[in-house]
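Asks: Spelled out, the chains give:
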Amino acid sequence: MADGADIIIKAAKGAEKGPGSAGSAAAPGRAQAKAAWTALRGALRSDWWVGALLPAAAIAVWQLAGSTGLVSPEFLPTPLAILAAFTELAVHGGLSHHLGVSIGRAGLGFLIGAMLGLLLGTLTGLFRRAEYMLDPGVQVLRLVPHLAIAPLIILWFGFGEVSKIVIIMSGSFFPLYVNTFMGIRGVDNKLFEVARVLGFSPWQRLRRLVLPAALPGILLGLRLSMAVAWIGLVVAELIGSQSGVGFLINEAKQNSNTPVIFVGIVIFAVVGKLIDSLFRLIERKALHWRDSYQG
Amino acid sequence: MGEALLSITALNKSFGTAAGQVQALHDVDLQVQEGEFITVIGPSGCGKSTLLRIVAGLDTGYSGKVTLEGTEIGGPGIDKGFIFQEHRLFPWLTVEKNIASDLPLGKPEIRRKVDELIELVKLQGFEKSYPRELSGGMAQRVAIARALLRNPRILLLDEPFGALDAFTRAHMQSVLLDIWRRNRTTMIFVTHDIDEAVFLGTRVVILEPRPGRIRKIVPIDLPFPRKKTTSSFQELRLKVLNVFEKVDELELTDGAGI
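Protein chains in written order, with the working numbering: chain A, 59 to 353; chain B, 1202 to 1459.
Think of the hints as simulated: they come from the structure by calculation, not from any bench. Be aware that one or more of the hints could be misleading.
Here are the computed distance ranges between Cβ atoms for each label pair [stated by the list, open to error]: (1) B:1337 x A:206: 48 to 58 Å; (2) B:1310 x A:347: 56 to 66 Å; (3) A:347 x B:1393: 30 to 40 Å.
No more than 20 Å apart at the CA atoms, straight line, and that leaves these computed lysine to any residue pairs for SDA-like [stated by the list, open to error]: (4) B:1428 x B:1441; (5) B:1298 x A:262; (6) A:248 x B:1329; (7) B:1329 x A:264; (8) A:331 x A:106; (9) B:1298 x A:264.
Ideal Cβ positions, reconstructed from N, Cα and C, are used throughout, including at glycine.
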């Protein structure tokens, strides 16, 4: 728009001077607008703050609505009150202890679940017989929501750590299983012929062809599994626990301590996002050989 | 001439399709001596790729006898190098790692041979490049180096330059001839380009279709390096072309008979 308007203005100015100079006057204007547009696009691409723009605006409005008394602090505490609750928890409330417990649970559950997912996914991906035997059952179980089986798991394993790990594990298993399977089935058949011509042993075929070729799928599965593990953690900790970020939220709910609930939610969001970013970084580093559209 | 390196006798191969059995190869006999450069040419459907894949051990279920150094072809292996029409490199490996593939680059012996091959196929400076960064001709040269590293007894090439432009193709032909003259690797080169067949081969095997069988074998006794513009080259080219025209005529009468 600015580009077009600029040209019209410049062209009009040029017309005053005479028809001969109109073209030459319009050209620099167009170039200027184009340079500005390129700079803006560059900033959009490279600068992280663009992603922070909308949330920052939302927080400002939120704070304003709270401090002008538009919204009751019981219902929606202001960002500053949440920040105060966060500091209080961090200094006196053993926040780092609870966070550590939560990350440990999610990590352990994720590790076991992902390992099983990778193993079974590889098995069903490689062998049709294994697929026929295992896949239908896995697909049925995959569609049962976490929350629905959580009571059963607690019934079986009690309220201790085991049931929490099992809940997290059962969630993080499926994304990696599905994506490993799909990744392996997506390997170019022509490369298998190359493996035969080069005399690869079955082990070499797995290590040098199948796994590297399926890596994009496997890494995507890992990222999704991690996200599900994180959600499973909340389910596990809200149902009944004596420690962890979920426990903090549950306790705050019973005491009507709304700011602490928000602290818990924000921690889940921020830590989750950090872990996701870490996985994205690993993905970028491991898959730099890919020749795909980068946007 | 002593014992042939590759011996094909009474080779028959048919495929089962929806329309019934189709005979791809009919009574093919071919003896290839050590160090020969055989080019195989024929119209599509003449079974030239099938022939190559049987020698490679990729296709089975044929009748007849195919032996390499006296032993029956059991299956694919590194003694029979194979170059596909597409380069088929591993996209996640660099040029040097693609050439090494399953062999450890850390071994000084492998390292030295890989470096030698990179020089042979003229890819110095691209050792650390990924396939997506290479042109079609460069990628195909990597594939050739990958096969040569394994010291194959015979190198089988299935229309390897078919997807390349004319200039790259001519360059690749001279690179391949260079390799052949230095290493004396026995080659079987399948193509549908008459010029290419006459330019590269010490013998041109002409196949005809339905069922695929050998029509004629034309020895090309021109000295290397060859020039496509010389009259002796053109003479042999016409000779091969003439055989083709007879094949075409045969096709037409066959068609008329149905």
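Asks: If any of the earlier hints don't hold here, list their numbers in rising order.
Replies: Going through the list in order, the structure violates hints 2, 6 and 7 and respects the others.
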